[in-house]
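Colleague: Spelled out from the first residue to the last, the chains are:
2 protein chains.
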Amino acid sequence: MVGDARLMAVPGSGQGLNWLSASEAARQIARGQITARDLVQAVIDRIAARDDVVRAWSWFDPDRALALADAADAVPMNQRGPLHGVPVGIKDILFTKDMPTQFNSPHFQGHFPNIDAACVALLRDAGALILGKNDTVEFAVNGKRAATRNPHDPSRTPGGSSSGSAAAVADGQVPLSIGTQTGGSVIRPASYCGVWAIKPTWNAVSHEGFKVCAASFDTLGWYGRTADDLDLLADVFGLHDDAAPMIESLAGLRIAVCRTPAWPQAENATLEAMTTTIAELRAAGAQVSDLEMPAAFDGLPDAHKMIMQSEMRSAFLPEQRRFGDALYPELVGILRNDAAQTRKDLVAAQNLAAQCRAVFDELAAPFDAVLTPSTAGTAPLGPDNTGAATFNRIWTLLHMPCVNIPGLVAKDGLPIGVTLTGPRFTDRRLIAVAGRIGAALEGARMG
Amino acid sequence: MVGDARLMAVPGSGQGLNWLSASEAARQIARGQITARDLVQAVIDRIAARDDVVRAWSWFDPDRALALADAADAVPMNQRGPLHGVPVGIKDILFTKDMPTQFNSPHFQGHFPNIDAACVALLRDAGALILGKNDTVEFAVNGKRAATRNPHDPSRTPGGSSSGSAAAVADGQVPLSIGTQTGGSVIRPASYCGVWAIKPTWNAVSHEGFKVCAASFDTLGWYGRTADDLDLLADVFGLHDDAAPMIESLAGLRIAVCRTPAWPQAENATLEAMTTTIAELRAAGAQVSDLEMPAAFDGLPDAHKMIMQSEMRSAFLPEQRRFGDALYPELVGILRNDAAQTRKDLVAAQNLAAQCRAVFDELAAPFDAVLTPSTAGTAPLGPDNTGAATFNRIWTLLHMPCVNIPGLVAKDGLPIGVTLTGPRFTDRRLIAVAGRIGAALEGARMG
Chain A
0 MVGDARLMAV
10 PGSGQGLNWL
20 SASEAARQIA
30 RGQITARDLV
40 QAVIDRIAAR
50 DDVVRAWSWF
60 DPDRALALAD
70 AADAVPMNQR
80 GPLHGVPVGI
90 KDILFTKDMP
100 TQFNSPHFQG
110 HFPNIDAACV
120 ALLRDAGALI
130 LGKNDTVEFA
140 VNGKRAATRN
150 PHDPSRTPGG
160 SSSGSAAAVA
170 DGQVPLSIGT
180 QTGGSVIRPA
190 SYCGVWAIKP
200 TWNAVSHEGF
210 KVCAASFDTL
220 GWYGRTADDL
230 DLLADVFGLH
240 DDAAPMIESL
250 AGLRIAVCRT
260 PAWPQAENAT
270 LEAMTTTIAE
280 LRAAGAQVSD
290 LEMPAAFDGL
300 PDAHKMIMQS
310 EMRSAFLPEQ
320 RRFGDALYPE
330 LVGILRNDAA
340 QTRKDLVAAQ
350 NLAAQCRAVF
360 DELAAPFDAV
370 LTPSTAGTAP
380 LGPDNTGAAT
390 FNRIWTLLHM
400 PCVNIPGLVA
410 KDGLPIGVTL
420 TGPRFTDRRL
430 IAVAGRIGAA
440 LEGARMG
Chain B
0 MVGDARLMAV
10 PGSGQGLNWL
20 SASEAARQIA
30 RGQITARDLV
40 QAVIDRIAAR
50 DDVVRAWSWF
60 DPDRALALAD
70 AADAVPMNQR
80 GPLHGVPVGI
90 KDILFTKDMP
100 TQFNSPHFQG
110 HFPNIDAACV
120 ALLRDAGALI
130 LGKNDTVEFA
140 VNGKRAATRN
150 PHDPSRTPGG
160 SSSGSAAAVA
170 DGQVPLSIGT
180 QTGGSVIRPA
190 SYCGVWAIKP
200 TWNAVSHEGF
210 KVCAASFDTL
220 GWYGRTADDL
230 DLLADVFGLH
240 DDAAPMIESL
250 AGLRIAVCRT
260 PAWPQAENAT
270 LEAMTTTIAE
280 LRAAGAQVSD
290 LEMPAAFDGL
300 PDAHKMIMQS
310 EMRSAFLPEQ
320 RRFGDALYPE
330 LVGILRNDAA
340 QTRKDLVAAQ
350 NLAAQCRAVF
360 DELAAPFDAV
370 LTPSTAGTAP
380 LGPDNTGAAT
390 FNRIWTLLHM
400 PCVNIPGLVA
410 KDGLPIGVTL
420 TGPRFTDRRL
430 IAVAGRIGAA
440 LEGARMG
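Respectively, the protein sequence lines represent chains A and B.
Take the first sequence: its letter number 326 is residue 325 in numbering that gives the first Met the number 0, and every next letter is one higher.
Take the second sequence: its letter number 91 is residue 90 in numbering that gives the first Met the number 0, and every next letter is one higher.
These are computed hints drawn from the structure, not numbers from a lab.
Heads up, a few of these hints could be off.
Stated by the list, open to error - Label pairs and their in silico Cβ distance ranges:
#1 Asp62/B with Thr341/A: 46 to 54 Å
#2 Ala66/B with Val358/A: 56 to 64 Å
#3 Thr341/A with His110/B: 55 to 63 Å
#4 Asp97/B with Asp50/A: 31 to 39 Å
#5 Thr341/A with Ser248/B: 21 to 29 Å
#6 Arg321/A with Asp62/B: 25 to 33 Å
#7 Thr341/A with Arg26/B: 28 to 36 Å
#8 Ala347/A with Asp50/B: 44 to 52 Å
#9 Gly332/B with Gly31/A: 34 to 42 Å
Said to hold, decoys possible - Derived list of chain A stretches under chain B, where covered just means 3 residues or more per stretch with a C-beta under 8 Å from a C-beta of chain B:
#10 116 to 124
#11 205 to 214
#12 308 to 320
What the hints assert, rightly or not - So these bits of chain A aren't anywhere near chain B, every CB distance computed over 12 Å:
#13 Gly11
#14 Gln14
#15 Arg79
#16 Pro293
#17 Pro422
Every residue, glycine too, gets a C-beta built ideally from N, C-alpha and C.
Next up, chain A with everything else stripped away, as it sits in the complex (with noise of 0.2 Å):
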């Protein structure tokens, strides 16, 4: 269940089946205890009564979600996956077979591939309802911002560009929603929303299926209410360790503090979730040392948008082509390589990402968990200002598995998240120990 400190500004947070963990929404249809018609009922009223507020849905038809739940419910028993029934929300820049996908671009209005994205593919095979299409920022990078607010504070930003997916879980909406991130699109959102949430190891799981904006950094993201959620959805989408995690409890265990090159720009609301969780995690007998990223890691945000602008202009040439000075000013000049980035720097930037991913992994061997920031602070003024990527993006960057904890509240009253990151492929036992810090900061207070 949702700890109520971390929800607190949302109204009518935790009343009802709409409030159900992934988990257990999953368990009570699993044992006949609800039906999916139950939840999905729960969800549509939720979504009927919040969406002239959120507006987390750019697709969405509660007609068709209780025809899926019904057809769900006439399925016996013994032939269920371990998602069945449950409705999951998709960020619309994936696709799915019979919905449209319309990335919230102008460009792409009753744009409709019929094909379903791996993930949503894999959803489907574990029983799972794609309940309907996720607002995001435009091509999930820039330009037309989702319609989404914060749940929080509807005069906040949701966080981009996965805004509407975080949203809708953080509202009540939706206990599953999937996401993308390519610079901060999944952790920032969970962090201004307050909702678990996970970007997983680099092509450990599947993007296969969506708008491509830079493919050495894409990475398919999900959001959940626990983190015995974002497990349920690590083994649908097949995510593993070498070996399965075994964390009994925080005594012990070793977590390292890493404030990276952007720590100057944390905001008060940042430095206090960070000594708080600090402050908890001494306490409940963890050993907390620091890790410093050595001075070559200072080139790594440069080293992200030389990349990632550079692989924009490869994926976004048919854009170019079809819609030129029509798309977004920003986009526009990127593709026109306005910046004047050469293969040259492309090149040293990609050798010193691969560089840093191997010291990054090696500087985090000896530890059980990496703790670092997941935003600058708490969700600024929206809609225009969806935030910023700063603490998000290095990571991306180095392609490794980042956890958002949420739970911590800040004096403005706004959620604010911190993440858990660690080597790649250690995306399991990151969970695991995220499951117990965020245990641990249920019921504490910041500052």
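Based on these hints, arrange chain B on the given structure of chain A.
Modeller: Here is chain B on its own, set in the frame of chain A:
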């Protein structure tokens, strides 16, 4: 025009518009010397005459092809793109909104994604006619072989997995075609069939819109009849170096010869092709010297296998869940991870690959291009044996551009290619140098 030497074994070679290079065909259409219908009719006649033997197409409709040609001929001259009226074959792994995309898999018969791959959208935008789908090895990996035969000798394989794409160009059935390479699937068929081809630097051209195999390696490539044809598509696909290449002559060029750790597997045809090419280079005034790969490079073939198979497990997870043991046995074993590959070994392979990329860029930097074998020998007897990626997979792993130079004929009367490679993002220079070498090889006799 095509040199007769390298197509001596293809019946009817050189007779008719269907044998024009794409560059020449585009020029003649642009000048009004021929119509798109003239060209397409010649292509249709050729396919009708040869399809029983070559079987390069998994989908082709002559009436539709003529309708496309007529529509193209109706477009005013001032509204035409660089490929106006030129037919192109598309490997049946890439999505085409108006034709099925079936991956040559029994599990995807009738599969019909209604969207275009990025390359297909760019081709249409340039005025090309999407002629049909070229047969492929199942999923562009292994399993079910393409029905395609080598146009030079139907008892031989055209190579895989871009079997139909290479054979169609080699047989005069289409001047241009598109393939993909994850191991050696573009360059190997080019060598066996005796056509020009390029596998560009990884991710310099978008491969969005196809069945992903290994995202770190998957690369779009293309086939043509001349180096100019490769350049023509390089423009359409936005492939560019930092500086436009200026290659006036082979005289004074610095060419390295890299025999790679696979050299002991080179057969006589390849040994002679390399010797002959080196002799022609020296005769033309090029400075030829050896480039030795450091010992660390010996690990690259294993690293390629580790990364490819690991990434296949995420890419094919939806198929594994849906089709299970009904997939072909080798794929089942890879997806089940019978080889017990670990994440630790995967990361080690990724680190090795990244290190060697940087090292090779430096080693190759002093040279204008690096000469290396395309295949171990000429096309083996087919259809089950499609040859091996022995001399290709290292370059795919390293992300380096590769151009196959055709023109040499081995003692068995079959074509044998050589590859020009170089640092990342030197694609256009390689095409330019390859064009000069190709001209030097015309009329050259081996042995």
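Colleague: Indicate, hint by hint, whether the structure satisfies it.
Modeller: Hint by hint, here is what the structure shows:
Asp62/B and Thr341/A have their C-beta atoms about 48 Å apart, which keeps the hinted 46 to 54 Å range intact. Taking 56 to 64 Å as the suggested C-beta distance range, the pair Ala66/B and Val358/A conforms, at roughly 58 Å. Between Thr341/A and His110/B the Cβ separation comes to about 41 Å, which falls outside the hinted range of 55 to 63 Å. At about 37 Å, the CB distance of Asp97/B to Asp50/A agrees with the hint of 31 to 39 Å.
Hint check: Thr341/A to Ser248/B, Cβ distance near 27 Å, so the stated range 21 to 29 Å holds. Our hint of 25 to 33 Å for Arg321/A and Asp62/B holds, since their Cβ atoms are close to 28 Å apart. Thr341/A and Arg26/B have their C-beta atoms about 32 Å apart, which keeps the hinted 28 to 36 Å range intact. In this structure the supplied range 44 to 52 Å holds for Ala347/A paired with Asp50/B, their Cβ-Cβ distance being about 49 Å.
Between Gly332/B and Gly31/A, the C-beta spacing of about 39 Å keeps the proposed range 34 to 42 Å intact. Only when three residues or more bring their CB closer than 8 Å to a CB of chain B does the claim for the stretch 116 to 124 of chain A stand; here the count is 4, and the claim holds. Under a criterion of three residues with beta carbons nearer than 8 Å to beta carbons of chain B, the stated coverage of the stretch 205 to 214 of chain A is upheld, 5 such residues being counted. With 7 residues having a Cβ less than 8 Å from any Cβ of chain B, the stretch 308 to 320 of chain A passes the three-residue criterion, so the hint holds.
No beta-carbon of chain B is positioned within 12 Å of the beta-carbon of Gly11/A; the least distance is around 37 Å. For Gln14/A, the non-interface assignment is confirmed: its Cβ lies about 36 Å from the closest Cβ of chain B, beyond the 12 Å cut-off. Arg79/A, annotated as away from the interface, keeps every beta carbon of chain B farther than 12 Å; the closest lies near 14 Å. No beta-carbon of chain B comes within 12 Å of the beta-carbon of Pro293/A; the shortest separation is about 16 Å.
Remark: the non-interface label on Pro422/A conflicts with the geometry, its nearest Cβ contact in chain B lying 8 Å away (cut-off 12 Å).
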